[in-house]
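Next come the chains, spelled out residue by residue.
Number of protein chains: 2
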Amino acid sequence: MTARGEIWIPTADELRSAADRIAGHIHETPLLTSQTVDTELGCRVSLKSEHLQKAGAFKARGAHNAVFSLSDDDASNGVLTHSSGNHGAALALAARSRGIPAHIVMPANAPQVKKAAVFGYGAEVTECQPTLEARETTVDSLQRSTRGYVVHAYDDRDVICGQSSVGLEIVDQLVHDPPDAVVVPVGGGGLLAGVATALSHLLPNCVVYGAEPTGADDAKRSFDRGLLIPQTAPDTIADGLLTSLGTLTFPLIQRSVEDILLVDDRQIVEAMQLLYTRTKQVVEPSGAVSVAAISAHRHLFEQAHVVAVLSGGNVDLAELPW
Amino acid sequence: MTARGEIWIPTADELRSAADRIAGHIHETPLLTSQTVDTELGCRVSLKSEHLQKAGAFKARGAHNAVFSLSDDDASNGVLTHSSGNHGAALALAARSRGIPAHIVMPANAPQVKKAAVFGYGAEVTECQPTLEARETTVDSLQRSTRGYVVHAYDDRDVICGQSSVGLEIVDQLVHDPPDAVVVPVGGGGLLAGVATALSHLLPNCVVYGAEPTGADDAKRSFDRGLLIPQTAPDTIADGLLTSLGTLTFPLIQRSVEDILLVDDRQIVEAMQLLYTRTKQVVEPSGAVSVAAISAHRHLFEQAHVVAVLSGGNVDLAELPW
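So the protein sequences, as listed, match chains A and B.
Going by my numbering, the final residue of the first sequence carries number 998, and the count climbs one at a time with no gaps.
Going by my numbering, the final residue of the second sequence carries number 998, and the count climbs one at a time with no gaps.
Where hints are given, some of them may not hold.
[As the list claims (entries may be wrong)] Mimicking SDA-like on lysine to any residue, the simulated pairs with C-alpha atoms at most 20 Å apart in a straight line are: (1) A:LYS791 / B:GLU716; (2) A:LYS791 / B:GLN949; (3) A:LYS791 / A:PRO806.
Hints in this document: simulated from the structure, not taken from any laboratory.
Same shape as in the complex, but just chain A (with noise of 0.2 Å):
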């Protein structure tokens, strides 16, 4: 509980806590290595490789936290939440893992693939119009009639806590070599905000930085102004990062973390490349912008040890854009 005003921070113990809670549900995702990706971006990089989590990205660890987080009671009536993307297959994987139902409200024109991946993991699907009206309305009256427990992408306690543990891990792998800083790709911020809180209670000499695509800016114009700014009109191939931040996790990105790197789509699409041809690894759009912002801003990393997270794989091999 926090009292009126005051921001809500987990402490590193409700952190630890979490990555306890869902250790024996997601992956501990390995820190790839490779020189010439190094040579490449002028200092030494370590990938923090989200798109080979669970379901294909870091959205598993906040979906399993929130789900495994809920009293039997709570649960009995199954999760719910509105996705077009990563987060609805994870909350659909959570809740297997669970044994309890989910619903997934998906706007109609959501890529064929993600409608699979939900279905795969054994989710009701709801289709609607694809607007945040649309979307919000049908949770609505189907929390109602299942009476289920809705589980917001990123603006959730037990979420943010869960994508917190990508930053305990590492902390924990890289005990004997610890990184000058971490780059982390911000759309709602719950990866972000959790990262960052991490270690600033862990690592604090460890500089966070935002990555964000130039066509999707909200997080870097609600941290330069202060205030919380909510995105319009997003048109950037990131296709993760088109939301705005939320009320629980923009407080802790101005808290802990340095600034927000934008990156064009261009330097995206080379940053997909370079991971594809060099490290041999499909990272999707919004997984890559990471290391699009060390390669655009260089002159921040010069020599030093950073941990770029990938966060996601999940991409229409039949739509790669190149």
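For this one, chain A is given, so just place chain B on it according to the hints.
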């Protein structure tokens, strides 16, 4: 040395010496696993990830063993070979590791990306007409002018011993969970001969299969007839597997391989897609032939623990086969 009529079979000690010789120069590649892939293939698969090897393919192993087996005197004039693909880049890298020159003869129609890789490792590139005769004539002529040492891509004892380190690593990495079978792509047969020989020494109950495209099936035809039949007019997207078996590799394959499993190009593409979407790994067509063979011949592997060797990941992103 072997007496006339005897086949050459490297001993376990010879293979271990080769592995020790190259250990500081190559990666011990990981064994990747995926529950979704296991479900899809109906067996438990460990993916031996040579696409993550230096220069993007297992060829770095044999090339390093050949280069570091040379006396200082033999090495002083450098090494040369002809190659349109991974062997040329691997030999260029190995020569750079030892600090000696490399001359790589490449057909004029080799992909620009492959030429760039060889250049990138500091080798001299000599272009020739795209025929085997022109390639061999050009190497002969270069050998006379440079007095360098010619390293054949696969029909060379040091190269075969180097490739066998893939097999030693599999045995070491799975010492507490030994595989029932190992499936290895076969072109010239250096990798298959090396791995099969290593396993015959160290894990004789493990069955080794070759995996080959129907459009370049000289290994299958040679194996079935007990007679070395050269490949003519190969036609497959697996461009690393177009070559014929050699006089050193064929007898080792006859001795220690259970069978050669054929797959068509459609099955190869499906295997690549499975690896891209489910494991987020970029594998070239030749490298995915092992997984295609497990899928196409799944009755051989039901419920077994199978290692699929992913032999390389050098694929032109502009020419993905979908």
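How the hints compare with the structure:
| no. | hint | in the structure |
| --- | --- | --- |
| 1 | A:LYS791 / B:GLU716 | holds (19 Å) |
| 2 | A:LYS791 / B:GLN949 | holds (18 Å) |
| 3 | A:LYS791 / A:PRO806 | holds (14 Å) |
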